[in-house]
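Fit chains X, G and E to the known structure of chain R by using the hints.
Protein chains in written order, with this note's numbering: chain R, 488 to 832; chain X, 488 to 832; chain G, 4 to 263; chain E, 4 to 263.
Honestly, the hints are just simulated from the structure, not real lab data.
Just so we're clear, the structure is a prediction, and the values are computed from it rather than from any experiment.
Yeah, the Cβ is synthetic: ideal placement off N, Cα and C, and Gly gets one too.
Any given hint could turn out to be false.
[To be verified] Going by beta-carbon spacing under 8 Å, a handful of chain G positions derived as facing chain E: (1) Leu-95; (2) Leu-108; (3) Pro-184; (4) Trp-187; (5) Ile-242.
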Amino acid sequence: MIQLRDLSVKLPGFTLKEINLTVEKGEFFTLLGPTGAGKTLILESISGMIPIHRGTITINGKDVSKMPPERRGVGIVYQDSALFPHLNVRKNIFFGLRYHGKTVRQSGKALDAIIEWFSLEHLLDRSVVNLSGGEKQRVAMARALAVDPSVLLLDEPLSALDPGFREEIRDILKTLHEETGITVLMVTHDFVEAHYLAQRTAVLNAGLIEQAGTVADVFYRPSTPFVARFVGMKNIFPAKFDKDVAWVDDLQFTIPHSDNRFRKYVAIRPEDICVSRTNISKIATNIFNATVMRIFNKGIFSDIRLDVSGTVFQAILPTSALYRMNFAEGETVCITFTPERVHVI
Amino acid sequence: MIQLRDLSVKLPGFTLKEINLTVEKGEFFTLLGPTGAGKTLILESISGMIPIHRGTITINGKDVSKMPPERRGVGIVYQDSALFPHLNVRKNIFFGLRYHGKTVRQSGKALDAIIEWFSLEHLLDRSVVNLSGGEKQRVAMARALAVDPSVLLLDEPLSALDPGFREEIRDILKTLHEETGITVLMVTHDFVEAHYLAQRTAVLNAGLIEQAGTVADVFYRPSTPFVARFVGMKNIFPAKFDKDVAWVDDLQFTIPHSDNRFRKYVAIRPEDICVSRTNISKIATNIFNATVMRIFNKGIFSDIRLDVSGTVFQAILPTSALYRMNFAEGETVCITFTPERVHVI
Amino acid sequence: MKIEPFLWLMISCSLLIIAFILLPLIEMVLQPTAAAMVETFQDADVLRSIFFSVSASAAAALISFVLGTPFAYLLARRTFPGKKIMESIVDLPIMIPHPVVGIALLSIAGRNHWIGQLLQKMGITLMGTATGIIAVMTFVGLPFYINTVKTGFEAIPVRAENVARSLGASRSGAFFRVTFPLAWRSMVVGMIMCMARAISEFGAIVIVAYHPMVASVMIYERFTAYGIKYSQPVAVWLILICLFLFLLLRFFSIQPKSTT
Amino acid sequence: MKIEPFLWLMISCSLLIIAFILLPLIEMVLQPTAAAMVETFQDADVLRSIFFSVSASAAAALISFVLGTPFAYLLARRTFPGKKIMESIVDLPIMIPHPVVGIALLSIAGRNHWIGQLLQKMGITLMGTATGIIAVMTFVGLPFYINTVKTGFEAIPVRAENVARSLGASRSGAFFRVTFPLAWRSMVVGMIMCMARAISEFGAIVIVAYHPMVASVMIYERFTAYGIKYSQPVAVWLILICLFLFLLLRFFSIQPKSTT
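The shape of chain R in the complex, shown without the other chains (with noise of 0.2 Å):
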């Protein structure tokens, strides 16, 4: 478990200010952010490579805040590896052994089964230098692993991969969670990541945690634009509100019952919204005529631009659903989506 409490971290140009955050035992969690939000900076004053100003940080109960690093029991694994390049494979890996007073004869069995799960067993001896990235970070993990870290941080694993790799370090990771059961804080700026691995997550914007919680909350009920921006909820709209509607400038959107008292906009991802010729929905409501603006072919799928009485729609279907039906730009379609989609912030 990692418990940060008001944290605050002072660097030139940069403040991390009052973090609150509870890791829980076996949980996978994910801090979320733009380049330069501070997510670095946190594992690092979890790790105690940088000095904190003020809060304290717990590790499994036990205030480590101010413990030199190498008594936090903290793994580390960087985006580049930091693997040892002066050190082949095997040493790498061995490496923490004797600081936990250990020697590679007495963890014999723990160590060969780390490295087998790793598949690292041909490149033993190998030099580091020359690994693949996905080769460097599985060592990177068996490394951390080798001294039985109580917590494990990540550092953008996943960032510095070729695609073929990342989805392999993924997946390596997602099963090694779900086999050891080890409590995971990882920093990465791709949602998609978060909400592959992580049961939680926290976003950070300029210091600050904007909005922490399930995945699924996060993804679906963002509590702020800026996270609503992140998770890609691409139509994002100032609105007044009554009740259960919504008024967009002179739209009016029917919305889920709830205390909109305090709320300022509300959003709806892309892929909410359906889009036909002619009205196929059963319900009698957000039934809005469209023209296409602009059609964008990305592959698999396509995204759409749709202008409302001058409010502007972002919708993505599969471009074969699009081919099917052969939208032409300037044409008048019908979009809805139903109620309890649009999420007000």
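Positioned in the frame of chain R, the structure of chains X, G and E alone reads:
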């Protein structure tokens, strides 16, 4: 138009071998390939930054193989923008004018149009150092276009951008090409970008062109396993052929009727595999019982791995559909795919 | 947090070194009386020698700038066989014992050597002339200029030059409009380094030309003839004037960036 | 392709500089007769002075290694107020005219200074002793060691050290098992640079100690007493022996990487 004839480049540790390539006038052509395939080397040969070993480079019918870079009329936009940090935005854009016998006054209207087109009016007096990634790329493009180049070379112009800016610049590139009809050769390692922007493409691997053709051709009819993997055909199996039938181990696939004498593989896209509890398709062939091995939630879509008597298939489904159908790992399901979606390689 | 012995080791070694460098210099600057300082400054010989040191080393820096800049650019941008050897040759003057530098330069300037005869025909003598002193100073100062400017050039992305050329600039156009404005700061620093090394030279100069007297030779002469007390004021003046010059140059090179 | 004047300018400047550095050195090496070379090498005074130069500069390099390594590490890894000033102080010895270095070191070693009195109580004299010469050599050589090793440390990613600490290594454990094995090559290069600078020193040494005689002082003495012909063989021997030593050290530092 850009024509490469038997272009060879020799560098220590890398060789481009006899590249033949034609980019038609007004075409948007992409060079695809993984890191280190030699894509950038081709751009640098065309722009004259590196000496070529053999072959000829023709731009708009003129042999430029031996011309210095400044006389080739080639515009370049790099991944990192490569703006001149000591000049402000305006001076960056105007940099090339004097070499083309133009003054700012003479080409006033054209320049204004370019600046307006890229929405750079309010940035003209800013230093380029503090611009955002998207702004930097807009300035880099405006700078290249200010001197009216005959072709535009783009070296992974989207790779270094944050996702939001990436879409913006991608849309700008698409519109730019549509409106001006300039010949564009773009290097990228992202197939989706190629799909979105280009008419034709070539896939490069280790200094050799593996396949060239329309994007759709390469996407739907990859000619080598390397290209198939590169365009996202996850299911590639060695096969034996007989007329309109292929055998993968003991599985019999119905395939499109064609000359399969020299073919060695079948490949199926994950999105072309239909997964259901009972057979709901109208065709009678390519129906297999499969065991659900793993489901990977990847956000809007989910990956599903299926075992058909030892052969592992990978399919992709909308996460919502998967939830509705409520597949469990270990369950037996039915997979089908139409014969025309089986690619022979 | 327990005291980290490793950190303390670092700090104490650092302070020891700082003290070792600073204490002698501070002590030397503080020892001469104000009266001695004033008196020394009014001595025309002293002023002349300091002025000569400064102007000769400035000449060496200028020569390094003119000849060394293209060389540094070549080393920074091109790869060619023998480049490593060239770089080693550039570093040679740093390694050569100072009196040997003077002897080596005199070796080719003699009357029985073709270069010496050529120089003589051109009216150039090294032995006992300002020319000789400038030659020595250039010899010892060049490596500092070239290495500094080479690093400066290397820090400028080749892609910026490539873009300039694709926009129509010739090789020299790209150099003068992109590379130079981005690298001139490193050139100023390189010239300061070169000048500093040139001004500090003694062993090679004393072999090539005792007269005209540069400041370092004058300091040596006063030390051997009259002892430390008499040589200190000149040393202090030389250091102060150098310091002033270098600060001035540094100041000009850290001016707020203009847009051209 | 038309001839590029810019390229020609670069090449001709480069060749000019190479010639300017190499020709005098080659000429000097070629001028002494074989007989003179052999005779000089059998002169016990010459051998003693060269051996003394080498061993004293080796001592300076060793002192730099011991004291300078922690300092270089501090400068490479930490940011703290006054760091820029510290770096400037480290560079000071490069800027100070050589005779002034000697005078400055003597300034604190005198009997009427507390440090001088302290040194005297410890039985240490600088004036006219090997200790003084090693002090001078360390003073002028330290900056070269510290700057080289600092750059070496900076090239080692902090993340490697961070990972080592997260794996349980203390600060010193991380240093000795990760940083040192990755940086020792730069330390060898730094020691070579320091030694080369120390061996080449003349102006400061001649002030602090004419005797015991280092090679550069002997070369100067022979030049002033008997002229260039008589000083050249010693100079050539000094250069050859230095070159041999440096090549030897370089060779050891470019051994194929071991895995520890």
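- Task: Report the numbers of all earlier hints that the structure fails to satisfy, in ascending order.
- Result: As far as the earlier hints go, 3, 4 are violated by this structure, in ascending order.
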